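Trainee: The chain contents come next:
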Amino acid sequence: MNTTLVNLACIIDDDNIYVSLIKKIIKAKNLCSELLIFNNGQQSMTYFEDLSNTLSNNEIPEIIFLDLNMPIMDGWEFLEKFSKIKDELKKEISLYVVSSSINPSDMNRAKSSPTVKDYLVKPVHVKDLETIFMRKAV
Amino acid sequence: MLLNQLNSKTVDDIDIGYWELKDNEDMFWSEVFLSNLKYTEEGVKISLDFFLNNLIHKVDYELFKNNFFSFVKNGTDFRQSMLIKSSKGKYKEFVCNTTNNGTLKLNKDSKFIFFNKRKFKTSKKLTKNKFYYKETAAMTKTGSWYIDFNKQKSYWDQQTRRILGYPEDYLPSLKNSQKYYPLEYQEIAKKIFFECAIDGKKFDTEIKMLSKNGHSFWVRAIGRPVFDIHKNIIGIRGVFQDIDITKEKELSLQRTSNIVASQNKRLFNFAHIVSHNLRSHTSNLSLVSELISSFEDPEEKLSLLDNIKDIAKSLNDTIEHLNEVVTIQTSINKSKSKVCFDDVLNQVIGSIGQIIAKENTTINANFSKLEYINYIPAYLESIFLNLITNAIKYRHPDRSPVITITSKIENTKQILEISDNGVGIDMEKFGDKIFGMYKTFHYNKDATGIGLFITKNQIEALNGSISVSSKVNFGSTFKIQF
Chain W
1 MNTTLVNLAC IIDDDNIYVS LIKKIIKAKN LCSELLIFNN GQQSMTYFED LSNTLSNNEI
61 PEIIFLDLNM PIMDGWEFLE KFSKIKDELK KEISLYVVSS SINPSDMNRA KSSPTVKDYL
121 VKPVHVKDLE TIFMRKAV
Chain P
1001 MLLNQLNSKT VDDIDIGYWE LKDNEDMFWS EVFLSNLKYT EEGVKISLDF FLNNLIHKVD
1061 YELFKNNFFS FVKNGTDFRQ SMLIKSSKGK YKEFVCNTTN NGTLKLNKDS KFIFFNKRKF
1121 KTSKKLTKNK FYYKETAAMT KTGSWYIDFN KQKSYWDQQT RRILGYPEDY LPSLKNSQKY
1181 YPLEYQEIAK KIFFECAIDG KKFDTEIKML SKNGHSFWVR AIGRPVFDIH KNIIGIRGVF
1241 QDIDITKEKE LSLQRTSNIV ASQNKRLFNF AHIVSHNLRS HTSNLSLVSE LISSFEDPEE
1301 KLSLLDNIKD IAKSLNDTIE HLNEVVTIQT SINKSKSKVC FDDVLNQVIG SIGQIIAKEN
1361 TTINANFSKL EYINYIPAYL ESIFLNLITN AIKYRHPDRS PVITITSKIE NTKQILEISD
1421 NGVGIDMEKF GDKIFGMYKT FHYNKDATGI GLFITKNQIE ALNGSISVSS KVNFGSTFKI
1481 QF
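Quick note, the sequences are listed as chains W and P, same order.
The first sequence: position 117 = 117 (this note's numbering), numbered continuously.
In this note's numbering, each residue's number is its place in the second sequence (first place is 1) plus 1000.
Quick caveat, the hints were computed from the structure, so don't treat them as lab data.
Remember, it's a predicted structure, so these values are computed and weren't measured experimentally.
Treat the hints with care, since some could be wrong.
Said to hold, decoys possible - Short, incomplete list of chain W residues facing chain P, as computed with Cβ under 7 Å: (1) 17; (2) 18; (3) 19; (4) 83; (5) 122; (6) 123; (7) 126.
Just so it is clear, CB atoms sit at the ideal spot from N, CA and C, and this is done for glycine as well.
Take these sequences, add in the hints, and give me the full structure.
Mentor: Encoded structure:
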């Protein structure tokens, strides 16, 4: 397989081990050609705000994996801010919350946001990741 | 003498016995007083002591003595009924009072106490009841009092005097009545009495009072307004009950319950931390194992070894941090000792001298207002270490760190304040999270988010508290109450 399923995906997570493992899966399974990685909500928010000004389409990720517990700006705050600017981004973005929290109140809160496509509990499985990317590619 | 006889005649005419108290402290008992009891002058010794010890019933002893002295020393009129023993050994009931109803001509230089024979005998039951009331008052430590607004005077019964530790002939002061309350309760006392006097609001409250020897103790104070026929409030009548023992028990129970609650809260936090922080590692571990089986290329499989090493390391770190937290919970019973702030600070400065010097840190300490505290020495050291290294770690990029440390006493509480001129923390955003585990608020590779969590746990384990105030770009102040 030479062509990837998705062009650009984005991971927002402060757990470096997790990030490096996801990178490995994506590379091994050829899921997408380029990855954006941010360690907290603040960094990614800066990126998206710049993007909404410049509107260069190929810099907008098709999929975002968002962690909840992060320093500086956590996943909730990112969600709130991102929901306000996402319509300015001329691309359909699928945002998945990926957290180790199994607290039902976290799950319900995330799922109730129209910005969130689904809630994944860590550990994520290789199959699930493949499905997400394949669904996006169709 | 002649005058006295003349007077005695006047009074004797109406069948009232009396005592005449002369200003040289001599006393005279009238013939009627003696004959009513079937005594002759030979059979008695005319003195207060003799009367108190031999004639008056023990039930009436206290009250009479009290009334007598108030009357003699301060001219406070009284009226009381009492039992007096006759020569035949039987008790007879009299109503004793000090007010001359105006029909009698009396020697103006003397004071008089009249003893009227009770026409209708009070039933024995009532006398008995009175005895029981007194017993009840004594056993329940309940004293009654009355404030007379017209006369601008307060009256206490013996039990009130006893509760507050004043002598039996003590006359309460209305003007300085705040002195019966410890400083911190004077406003409250003033308020309840004021509201009762002005609005007629009854009260039933628990308040601390101050005894004569300066011991403060809990009383239940109950009071209600006294009205005249025109419904004007003319006084307040009420009781004080000494509830110190039960109240202290209640408070100690409350304290115990607070400790249990806070320990429970920490336990709950701990469970949350365990589930949350351990979960992130175990989920990584299971992801790795899944990858190992799904990757076919042996090179790729091998490359996962590094990830396993990383996971092992962070798992280990987390376990160590959790262990530190558990140690706090279990070492509360470690012995406290007198710790000198200055010594501990010097020890900490010694151990992190390099970091302090490297960043050109200035530490200004002033422990003159509170030099020592009773604490677990290792905890104080850890508190200093965490807060000082924090201040250096989060220094402002444009200036060298300046740390100011002050100890003091505030409202009887022991306080330590540590201020810095660092980057500060956005309180609005992070205020409630500052002391959480693994919460970091700055881009700093050294930030582990464990220091303040441990510090807070150590302080709370010893029933203290820590708070922070901060302004971004100006600095932070941590305030610890031990």
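Trainee: Next, verify each hint and record whether it holds.
Mentor: Evaluated hints:
Interface hint at residue 17 of chain W: satisfied, since its Cβ lies 5 Å from the closest Cβ of chain P, which is below the 7 Å cut-off. With a cut of 7 Å, the hint placing residue 18 of chain W at the interface with chain P holds, because the nearest CB-to-CB distance is about 6 Å. Here the hint on residue 19 of chain W is broken, as its CB sits about 10 Å from the closest CB of chain P, past 7 Å. For the restraint placing residue 83 of chain W at the interface with chain P, the shortest Cβ-Cβ distance is roughly 18 Å, beyond the 7 Å limit, so the hint is violated.
Given the 7 Å rule on beta carbons, the hint for residue 122 of chain W holds: about 4 Å separates it from the nearest Cβ of chain P. Hint status for residue 123 of chain W relative to chain P: holds, with the closest Cβ pair at about 4 Å, below 7 Å. With its C-beta approaching chain P no nearer than about 5 Å, residue 126 of chain W sits inside the 7 Å limit, and its interface hint holds.
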